[in-house]
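Novice: Sequence:
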Amino acid sequence: MSTQPGRVPFGVLTLDYPMSIGVFATYSEAQRAVDSLSDAGFPVQNCLIVGTDLRQLERVTGRLTWGRVLLGGALSGLWLGLFVGLIFSLFVTTQGGVPPVFSTMVFGAVFGAVWAAIGYAATRGKHDYTSVSRIVPSRFEVLAEHKVAQQARELLAKAGIVTAGPPTV
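Numbering (my numbering), first residue to last: 3 to 171.
These are computed hints drawn from the structure, not numbers from a lab. Check before you lean on any hint, since a few could be wrong.
Each pair of labels, with its calculated beta carbon distance range [as the list claims (entries may be wrong)]: (1) D55 to R34: 17 to 25 Å; (2) T54 to A161: 17 to 25 Å; (3) Q58 to S30: 47 to 55 Å; (4) T67 to L88: 47 to 55 Å; (5) L88 to P45: 51 to 59 Å.
Quantities reported herein were computed from a predicted structural model and do not represent experimental measurements. Backbone N, C-alpha and C fix where the C-beta goes; we use that ideal spot for every residue, glycine too.
Let the sequences and hints guide you as you build the complete structure.
Specialist: Dropping the structure here:
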């Protein structure tokens with residue numbers, strides 16, 4: 003089982019002299035190898051799983067039009083205006099008239115739409131689509147401290163876990 007701590011010092015994520023004990027096609031295969039080592043009583047605190055051969059994937063989700071740009075900017079500005087208006091309403095009392103929440107929402111929506119339009123116009127049509135991108139590794143290498151690397155390889159072989167071996171450069 004892995005945990006995702008809030009802030010981990012960088013030194014915790016390094017080994018003194020790491021050696022490859024196996025290369026795997028998926029993260030779950032690398033996890034399974036480390037889990038097997040743990041089950042065999044191996045000191046897994048001497049291991050590190052490293053995603054290598056990074057590549058960027060970009061999934062195009064739709065066409066970007068002026069309408070979508072203005073609507074998205076207006077909605078973002080509306081939320082910001084709501085937040086500012088709620089803060090103002092804590093300190094300002096109104097006698098009749100429009101409460102500050104509504105006016106700041108309107109100003110926020112207008113400001114957001116204008117700001118989004120300026121940003122979109124600056125691209126000059128070079129990015130007329132919406133997308134999400136992600137950086138993913140192509141393979142996962144399990145490293146261990148040099149003092150225990152051979153023991154780890156032997157335990158993996160004994161458990162029947164096939165590794166691709168050290169990477170070739």
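Novice: All hints, please: hold or fail.
Specialist: Here's how the hints hold up against the structure:
1. D55 to R34: 17 to 25 Å: holds (20 Å)
2. T54 to A161: 17 to 25 Å: Holds: the Cβ-Cβ distance is about 23 Å, inside 17 to 25 Å.
3. Q58 to S30: 47 to 55 Å: For S30 against Q58, whose Cβ atoms are near 22 Å apart, the range 47 to 55 Å is violated.
4. T67 to L88: 47 to 55 Å: With a Cβ separation near 32 Å, T67 and L88 fall outside 47 to 55 Å, so the hint is violated.
5. L88 to P45: 51 to 59 Å: Hint holds: Cβ distance 53 Å, inside 51 to 59 Å.
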